[in-house]
Amino acid sequence: DAMVIQNPRYQVTQFGKPVTLSCSQTLNHNVMYWYQQKSSQAPKLLFHYYDKDFNNEADTPDNFQSRRPNTSFCFLDIRSPGLGDAAMYLCATSPGGTSANTQYFGPGTRLTVL
Amino acid sequence: SQQGEEDPQALSIQEGENATMNCSYKTSINNLQWYRQNSGRGLVHLILIRSNEREKHSGRLRVTLDTSKKSSSLLITASRAADTASYFCATDWGAQKLVFGQGTRLTINP
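Order-wise, the sequence lines are chains G and L. All letters in the first sequence, in the order written, are residues 1 to 114 by my numbering. All letters in the second sequence, in the order written, are residues 1 to 110 by my numbering.
No lab work stands behind these hints: they were computed from the structure. Just so you know, these numbers come straight off a predicted model, no measurement behind them. Where is the CB? At the ideal position from N, CA and C, for every residue including glycine.
Here are the simulated lysine to aspartate or glutamate pairs, EDC-like style, with alpha carbons at most 16 Å apart: (1) L/K70 / L/E55; (2) L/K97 / G/E57; (3) L/K56 / L/D66; (4) L/K97 / G/D59; (5) G/K44 / L/E5; (6) L/K97 / G/D51; (7) G/K17 / G/D85; (8) G/K44 / G/E57.
Derived coverage of chain G by chain L (criterion: at least 3 residues anywhere in the stretch with Cβ under 8 Å from a Cβ of chain L; other residues may be distant): (9) 37-48; (10) 94-100.
Excised from the complex, chain G in its bound form (with noise of 0.2 Å):
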C-alpha cells in the first residue's frame, strides 16, 4: 500500500543533541511538509518542499532544518534540542499541481527532550 513512514516512532534526545528524524513515501508525491505538534494543539508547519523547493514557514526557530535528498525522502534535523521542542513531529504529502491540496500524514515521531 502506497504510504508515509516516519523513523523513529519515539525519540528520546539530551538536551543540546542534535537529532534527525526521517520521513519517506511511496505515493511519489511532489510536496512533504513537517508539522510539529504539541499537546491538545493543532499541528504548526515549520516548512515544505514542493520538489526540491524548500520553503521555510517565517516563524520557524532556525534551530529546525530539513533535507530533501530524493523524491521519496525527508529528514527534519534539529540543530540543538531544547526542552520546548519536545513533541509530536508529523511529516505529510501532498500531489501538489493543480490537484486539491489533500495531505497524506504518517503516523508521527514522539520527541522526548531530556
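Mind docking chain L on chain G? Use the hints.
Using the frame of chain G, we list chain L on its own:
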C-alpha cells in the same frame, strides 16, 4: 493569524448519538477539509468540500460550508466508540499549505 477556530473544544456523547463540530476561518479559501486524529497518531483525511459547494456527504459524515459566514460544520451520525478522536478542520487558501484549526476532542461513551 489565519488559523481557524473550532467549537466546541471538547464534546462527549453517548454511542448512537449524532456529533456536530463547527469551524470558523478568516480568509477566502479554495476548499476546506476535515481530518481525524486518533490519540498519538497521524492525521487522516476525512472529507473535502470546495468553496463552490454547500454540502457534502461521505458515509456517516455530512459537511456543510457557508462561505458568507466563513464557517463549516461536520456532522457524524450514529456515532460509534471508534469515532473517539480529535477532529481538525483545515483551510486551503492556495500556496500548497493548509491552516489547521485547534481541533475538537470527541469522546463517544458506550
